[in-house]
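Asker: The opening position of the sequence shown corresponds to residue 788 in our numbering, with each subsequent residue numbered one higher.
Quick caveat, the hints were computed from the structure, so don't treat them as lab data. Just so you know, not all the hints are guaranteed correct.
Unchecked claim - DSS-like cross-link-like pairs, simulated, lysine-lysine; straight-line CA separation at most 25 angstroms:
1. K1564 - K1542
2. K1079 - K1065
3. K1340 - K1351
4. K919 - K1039
5. K1564 - K1575
6. K1502 - K1492
7. K1156 - K1189
8. K924 - K854
9. K1502 - K1456
10. K914 - K854
11. K1230 - K1189
12. K1482 - K1519
13. K1542 - K1581
14. K855 - K924
15. K1581 - K1482
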Amino acid sequence: FGDYFKEEAIEWAWELLVDRWGLDPDRLYATVFGGDDQDGVPPDTEAEELWVSKTSIARDHILRCGKKDNFWEMGETGPSGPCSEIHIDLRSDEERAKTPGSSLVNADDPRVMEIWNLVFIQFDRQKNGSLKPLPDKHVDTGMGFERICAVLQGKTSNYDSDVFEGLIQAIAKDAGVTYGQEESTDIAIRVIADHIRAVAFAAGDGAMPSNEGRGYVIRRILRRAVRYGWDRLGYTEPFMHRFVDPLAAQFKDVFPELEAQKSSLQDIIRAEEASFIKTLGQGIERFQELTKGQNKVSGEAAFMLHDTYGFPVDLTSLMAREQGLEVDLDGFDALMAQQKERARAAGATATASANDATAWQLNPEASVKTLDALGEAFDFIGYDHFESEVQLVAKATLSTKKGDKHLVLLDRSPFYAESGGQTADHGVLESPTETLNVLDVQKGRHGFVHTVDRLPTSFSGPWTAKVDRVRRTETAKHHSSAHLLHAILRDTLGSHVVQKGSLVTHDRMRFDFAHFEQIPQETLADIQQQVNLRIQENIPLTEERDVSIDQAKERGAMMLFGEKYGESVRIITFDPEFSVELCAGTHVQATGDLGLYVITSESSASAGVRRIEALTGSAALSYVQRQLQSLSDAQRLVGGGASNLGESIQQLQEAKKDLETQLQSISQKQLLGQLPELMDQAIVLDNALHLIASKVPGASMDGLKQMGYEALRQKPTGLAIVLVSHDPEQGKVALMAAMTDDVIQRGGHAGTWVKGLAALVGGGGGGQPNLATAGGKNPDGMDELVAKAGDQLKELLG
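Produce the entire structure from the sequences given, and follow the hints as far as they go.
Answerer: As structure tokens, this is what we get:
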């Protein structure tokens, strides 16, 4: 910053391109900012004259361009400045003679393209839109590595350069196609090559696929590539992960992280692919249904594809463009905004209303006279104090859907406000005349908002705030255990593990983290054991406050992506070589204070995110005691000691299975015993066809099928049979239809027959010509089904 500027940047760029790399100066063009009257910024004549005086570029190869191409801005406010782009004309000499390259610069001609962009950061865009000169000016250089490699190697496409060649051939071989023979498959191969690079490098740097922020960018890129492989290369199973191997081999010297993390990256990408492929085929079919006969993809359709099948809207847009359609992006954005608003409203609390100053009654005797002043002066003292004298500054009652909430504001507070996944402290506010129970604490614009069981009758004090020490201590234990777990998960599963969310209360802990598959039980047991070993080591806490964010980064402190950190932060350390995290929560003084740690479950929280729930401290002890009691009860019920309890239970399960098999056999014999009577009652539809249509109380679907098979065996010609039963407990109707081969030859089909009959009991089904089944949910239609079975069969036979 401030070290060099336009003159050096232009001179060095020309030296590298022409003197070192040997590019033909007659093929190079430089653009400069042509000025903007609305901003009041004149043309960048300084850069223009430097191109003339410091390089050998032809005067007519220096072009003035507008704000769109030659003025860079970080956003609506912030650093900005004019650009100077370098373009190269790769056309033949004959083409260049016919049409000057200057007319094709920034005209989207693939053979006249930008290879370098020098951005001169010299302004600061203000909120009012004006541009303020920066005291220190600097250069932001943008050059496409793949593009310059293609130029230097005389290739017309980035994908023809040696940067992509090996990877493209690996993909083509895996897909069983020859690259360069078919444009459709070539495009798919290029997309996959480009996208696997982006995904692998990003994941190697810790950006995991997810539904938020940069993680969703990674997910979108990967899903776009998977769809190309599915649609154009015939992949129906995960395939992208296989290309991490050749990619890692290619870049092992310049990006060794790929080689070091190759196995875990393959697992992450494979799991992400598998998740999307589950719905990809159905999603493509649904897309075709939704767009058939349409000239546009509605916002509702795009939202449904996104919400139900996981199609990012840019993937839907790509598929639409391939069919000459466009997507109603405004409609899609509106539906997404509604969904986010519903989620926001569902999580909203009265604290939002508490930020409204008009809702509060101020204490006229308070040391601060306005709520804004309170917001600036408020002090959280809970790290050092469980109890403190405080002043009640304001009180309010807010109406919510769950009833009235009584709130108070204090000048300072020892109560921890819900934050970072840790729930709020409970306790009391006491004065000489009354006591208020503190039920919740939230952060607000005017300090901490304390929810109490009732409003104080008077502001008069003195007031004392007392934190529930037992609850706070147990909460701190669970929070510290989350830090231990996080560190051990990264050591055990890999550095891709990052926290995605957490809940820390006084009686449990929930920890969500990026990981691609279920953790095996033996691994989970080992993780639990490692946490308990760290507890036994009694590692002391090191707490550091007001550490600069830059210093924290230098020390490698774990930071949560998406969290907003100030200039100074708090660092919680349990052994500098083990766990160092930025954290504002409360913690134990040493790991030994946790006592015991028990993992109670491991499950999926969402795609690519796993969840561990665990207990520590008193909650863990109570849990173990309950488990031991359950074990003791089980021992008493089955007999024997703890050492052979598993064997005893297994024997009981085997005995139960044997009894169930015997019971099923007896039931089958009873059902089959009804067949002779049913056969005798068969209705003769014509000389060659007998019909059995009957209800069979208590029969399962398997039982009905066995009766059907046995009936066909006993009478191999001229028979059609339909049996129906009802399970009162489940409220379901089971239906089976069967017929002999000669009936099928006359036009019969058991599947068609049973489908029509199932409608009478509110269901559906189908199957093979000889035997088919169906289900229903309306037992009241069973009599009608039996009565109409013959008529429907006659219609089927014509």
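Asker: Now, for every hint given, state plainly whether the structure supports it.
Answerer: Hint check results:
In summary, the hint linking K1564 to K1542 is supported, as the alpha carbons are separated by about 14 angstroms, within the 25 angstroms threshold. With a C-alpha separation of about 23 angstroms, the suggested pairing of K1079 with K1065 holds against the 25 angstroms cut-off. Of the supplied pair hints, the one linking K1340 and K1351 holds, its CA atoms being roughly 14 angstroms apart against a limit of 25 angstroms. In summary, the hint linking K919 to K1039 is not supported, as the alpha carbons are separated by about 45 angstroms, beyond the 25 angstroms threshold.
Straight-line distance between C-alpha atoms of K1564 and K1575 comes to about 18 angstroms, which keeps the hinted pair within the 25 angstroms bound. Our distance criterion of 25 angstroms between C-alpha atoms is met by K1502 and K1492, whose separation comes to about 15 angstroms. With a CA separation close to 32 angstroms, the supplied pair K1156 and K1189 exceeds the 25 angstroms bound. In summary, the hint linking K924 to K854 is supported, as the alpha carbons are separated by about 19 angstroms, within the 25 angstroms threshold.
Between the alpha carbons of K1502 and K1456 the distance comes to roughly 18 angstroms, so the proposed pair stays at or under 25 angstroms and holds. Of the supplied pair hints, the one linking K914 and K854 holds, its CA atoms being roughly 19 angstroms apart against a limit of 25 angstroms. For the given pair, K1230 sits about 20 angstroms from K1189 by alpha-carbon distance, which is consistent with the 25 angstroms threshold. Between K1482 and K1519 the CA atoms are separated by roughly 14 angstroms; this keeps the pair inside 25 angstroms, and the hint holds.
Distance restraint check for K1542 and K1581: the Cα-Cα separation of roughly 15 angstroms lies within the 25 angstroms cut-off, and the hinted pair is therefore satisfied. For the hint linking K855 to K924, the alpha-carbon distance of about 21 angstroms falls within 25 angstroms, and the restraint holds. Restraint check for K1581 and K1482: satisfied, since their Cα atoms lie roughly 20 angstroms apart, inside the 25 angstroms limit.
The structure is inconsistent with the numbered hints 4 and 7, although it conforms to all the rest.
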